[in-house]
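With the sequences and hints as input, model every part of the structure.
There are 2 protein chains.
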Amino acid sequence: MSHTKKTRTTVDIYGKTYTIIGDENVHHTRLVASIVDDKMNEIHQANKSLDTTRLAVLTAVNTVNDYLKLKDDYDLLLKKIEEKEDL
Amino acid sequence: MSHTKKTRTTVDIYGKTYTIIGDENVHHTRLVASIVDDKMNEIHQANKSLDTTRLAVLTAVNTVNDYLKLKDDYDLLLKKIEEKEDL
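Protein sequence lines, in the order shown, are assigned to chains A and B.
Per the working numbering, the first sequence starts with residue 161, numbered consecutively.
Per the working numbering, the second sequence starts with residue 161, numbered consecutively.
Please note that a few of the clues may not be correct.
If several chains are the same, the list does not tell them apart, and a pair holds so long as it fits within one copy or across any two.
Claimed, not checked - Cut-off 25 angstroms, straight-line C-alpha distance, at most; resulting in silico cross-link-like pairs (DSS-like, lysine-lysine): (1) Lys165 / Lys229; (2) Lys166 / Lys208; (3) Lys166 / Lys229; (4) Lys244 / Lys208; (5) Lys176 / Lys166; (6) Lys208 / Lys165; (7) Lys244 / Lys231; (8) Lys165 / Lys231; (9) Lys240 / Lys229; (10) Lys208 / Lys176; (11) Lys240 / Lys165; (12) Lys239 / Lys229.
The hints are simulated quantities; they were obtained by calculation from the structure and are not laboratory data.
Next up, the structure:
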């Protein structure tokens, strides 16, 4: 565990209040919360019958999917750099 | 919108069944679902009083946070490649 100072940030996501404790600054945590809120609203617009739990789970599913795609791109880029350095 | 064939995959995440429709193959979608399920269990272990909706929202918050960190790393790497190419 790190011993850096933790920040506590209160944010609203999809009508509920959350206190997020972490290493990130308040500005960053608010940005993350607003992205989650936007994504939940977006999925709600596409499928209005989903309850809040399902909306949040599907938001997490979408984001993990985006993460894995970006990770593939990142690894490709890293390989490209390593190949260049080998020349 | 793309016209590629969509796959439908049924997955279990934190005790509920979801049908995920997307461009990804079944194997990939199951991997994504298992990552979300693991994260929800992890957050539940750290804070057992959270209800499922809050757990799901905090899982989404964590995944978006991880995504943004990786995006920063990706952008740094891209900048590094561009600088090398300018030499």
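Going through the earlier hints one by one, which of them does the structure break, listed in rising order? The structure breaks hints 4 and 11; every other hint is satisfied.
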